[in-house]
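Model the full structure from these sequences, guided by the hints.
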Amino acid sequence: MNNAAASAGPPENTGSMLSRIKKYGPGYLFLVPAVVLFVLFLWLPIVKGILFSFENVDFVKGNSFVGLDNYRTVFQDDTIGESIKNTLYYMFLCLVIGFWVPILFAVAISEIRRFQGVFRVMAYLPNVIPIVVLYGLWRWIYDPVGPINAALQWLGLDPVMFMTDPRWSMASLVIMETWQSFGSAMLIYLAAVLSIPKDWYEAAEIDGAGVWARIRHITLPSIKGLIGLLLIMQLIATSQGYQSQLAMLDGGPVNATMTYGLKIVKYAFTSQNYGVASAMGVLMFIVLGVLAVIQFRLSNREDG
Amino acid sequence: MKLAERGILSSHDYHRHSTRALIAVMTLAIAAMSFSMLYPIAVTFLNSFKSVVDVNSFPPKLLPREWIWSNFREGWNFLKLPIFMRNSFYIFAGSLVVTVLAVGGAAFALSKLNLPYRKAIFFFFLMTLFIPPSTYIVPNFVNLKDLGLMNSYFAFWLPAGASAFNMLLLKSFFDGINNEIFEASRIDGASNWYGFTRIALPLALPIISTLAIFLFSSAWNDWFWPSLVMHGDNHYPVSTAIYKQVIAARGLKLNVKFAILTMVAIPPMIIFLVFQRFIMRGLHLGGVKG
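Read top to bottom, the protein sequences are chains U and D.
1 is the number of the first residue of the first sequence in this note's numbering; add one for each residue after it.
305 is the number of the first residue of the second sequence in this note's numbering; add one for each residue after it.
The set of hints was computed from the structure by calculation and includes no laboratory data.
Just so you know, these numbers come straight off a predicted model, no measurement behind them.
Note that the Cβ used here is the ideal one computed from N, Cα and C, for glycine as well.
One should not assume that every hint holds.
With a cut-off of at most 20 angstroms between alpha-carbon atoms, the simulated EDC-like pairs for lysine to aspartate or glutamate come out as follows [as the list claims (entries may be wrong)]:
{"#": "1", "chain 1": "U", "residue 1": "266", "chain 2": "U", "residue 2": "250"}
{"#": "2", "chain 1": "U", "residue 1": "23", "chain 2": "D", "residue 2": "378"}
{"#": "3", "chain 1": "D", "residue 1": "548", "chain 2": "U", "residue 2": "78"}
{"#": "4", "chain 1": "U", "residue 1": "22", "chain 2": "D", "residue 2": "492"}
{"#": "5", "chain 1": "U", "residue 1": "23", "chain 2": "D", "residue 2": "492"}
{"#": "6", "chain 1": "D", "residue 1": "548", "chain 2": "D", "residue 2": "378"}
Which bits of chain U does chain D cover? Going by a derived footprint, with three or more residues having C-beta under 8 angstroms, they are [claimed, not checked]:
{"#": "7", "segment": "198 to 209"}
{"#": "8", "segment": "240 to 253"}
Written out as C-alpha cells, the structure reads:
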C-alpha cells in the first residue's frame, strides 16, 4: 500500500536527532488533529467501556468500582439468553432471505445490454431514502389493511399480521431491510461480475457448456472471494442490529425482536445502567473480534 | 460476433430453446425487482396527495381519487421542517470541514511525506475499523457527556474526524497521485502546507465529492444517535425530528404523514440522481475494503 511513497525520497535513517526533527517535525503536525480526534472519540471510549464494565456509573455521585457485579448481572438476567437467541435468529433470517438476493440480481443485471444504468439506479434508490421515511412507509405496507394484505385477500389467502404476530415480526423487519439495502451489495457484485473476461465464456461455450454451467463454473467461482468477504461483513453488521427493531417494534411483540444490541441500548438509555450496558458491550466485542480477524484475512486476500 | 458484445450469454443463446426458459425467468426476476423497488416509493408520493378517506380505504388504490395539494402545506406547518433541515445541513458542513482538514491532512502526511514510523501510525488509525461500533456506543455517549459536548454540534463535527474508513479512502487516493508533482514543488521552495492545500486537495476533489455525499447522507439519515445527544426541539436534525414527531406520533393524519415523508425524501433523491457518478465510485472503492 505504501509502495508509491516508499520508492521515492531519500533513506530515512540519516542525520542527527535535531536535523530529523527539523526535517520531519512539520510533517508530523499534519497528523496531530487526526491523532487527537481518534484518541478522544474512539480510543478513549473503548478504554472507558472496559473500565465502566467494572464500575457503577453515576453522573451525580461519581463512579465506583464494583468488581464483576455488572458481569454477574448480565449472566443472571434471564432475558439475555432470549435476546441472544433472537439475534442469532435475525442473523439467520438475513442470510436466508437477504444474502443471495444481490448475487442473483448482479448476475441478471450484468446480462442487460441496454439501459443497464437505469436498473442500477433503481436497485440503489431505496438506499438513498432516509431510513425514517422507510419506517413510516413500511408500517403502512405491513398494515393489517395495507397493500400486502389486500393482495393476499385477492389471492384468497388469510391476512397476515406482519408486525404484531411474533412468528412474523422478525421476518418482516428482515424483508424490509433487504429491500432497503441489497442495492449496495448488488453494485459491488455487479462490478466484479462485469470484470470477468468475456472470452472465458466464449471458450466455455465452444466447449459445449450451457448457460447454467457457465454461471456455476465461471461466474460464481470468480466472485467467490467477494462472496466470502461480504458474508463476514453481513454477519458482523447483523449481529449488532437493533435500529429497525427499536424503531418499528421497540423489541416487541412479547420480546420477539429484542436483540442483544437492543438490550444494550435498553440497559443504557432506559434503565440508565451504563455499567451493565458497558459489560454487555465488552462481551460482544470479544465474540465479534473473532469475526473481525477473519474479515481482515479475507479482505487482504481480496486485495491480492 | 464481436467478443465485447457478449456476457455470460452469447447472441447464439437467445435462439436456443433450452436457454429461453432461463432468460424468461431472469427477465421476470428483474421485472419483479423493478416493481418492488418502485412501488413503495411511488406509494409514498401518491399517498401524500390522497384525502383521508382515500388513504385509509381497503383495498388500497395506487392513484388518488382527487389530488389534494394542501396536505403538503399542512405537513409543512405541522413541524419546523426548515429548522430541522438547517440543523442537518450544519452537521453535514462541519463534518465535511473536519474530515477534509483532519483526516485529509493525516492521509496526505502518511501518503506523501515519507515520515518515519508512518506504517505504525497508519496501523493506529486502521485498528479502529475492527472494533464494532455498537460495542462502544454506551461509553461513547458517556464520554461525550464527560467532555461537555451534549446538545452541541461539536458532538457530531469532531467525531467525524475519527473515521478510519474515510482515511483509508483518502490515503489510497493520495497514493495514486504521482510523487513528482510534490517533489517539484518542494524544490521550488513550497511548504508541505502548500502541497496539501494547493496540490493534493484540488486533485482529490473527486474523492472529496464522494465523501461529501456519504457525509450528507449520514447527516440526513441518522436518527438514533442524534436523539441521544441532542435535546430540545430546535436542535434535532431532520431524521430525528421526523422519528420523534411524525413516526411516533399518534393522531397525525396518514395523508399528511406521507406528505411530510415525501418532502424529507426528495432532497437526498435529487442529490443522488445528480451526483450518481460519485456515489457509484465510492461504492467500488469502499466495497472491497469494508
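Q. Is the hinted pair residue 548/D and residue 378/D satisfied, with a Cα-Cα distance of at most 20 angstroms?
A. Distance of about 18 angstroms is within 20 angstroms: holds.
Q.
For residue 23/U and residue 378/D, compute the direct alpha-carbon distance and say whether it is at most 20 angstroms.
A. Violated. Residue 23/U to residue 378/D sits at ~64 angstroms, over the 20 angstroms cutoff.
Q: Sort out whether residue 250/U lies within 20 angstroms of residue 266/U, counting only the CA atoms.
A: holds, 10 angstroms
Q | Hinted pair residue 22/U and residue 492/D, Cα distance within 20 angstroms | A | Distance ~19 angstroms between residue 22/U and residue 492/D Cα, so the pair holds.
Q) Taking 8 angstroms as the C-beta cutoff, is the stated coverage of the segment 240 to 253 of chain U by chain D satisfied by three or more residues? A) holds (count 5)
**Q.** 8 angstroms C-beta test of the segment 198 to 209 of chain U against chain D, three or more residues
**A.** holds (count 5)
Q | 20 angstroms Cα cutoff - pair residue 23/U, residue 492/D | A | Distance of about 17 angstroms is within 20 angstroms: holds.
(Q) Next pair to validate is residue 548/D with residue 78/U; report whether the Cα-Cα distance is within 20 angstroms. (A) violated, 31 angstroms
Against the hints set out earlier in the document, violations occur for numbers 2, 3.
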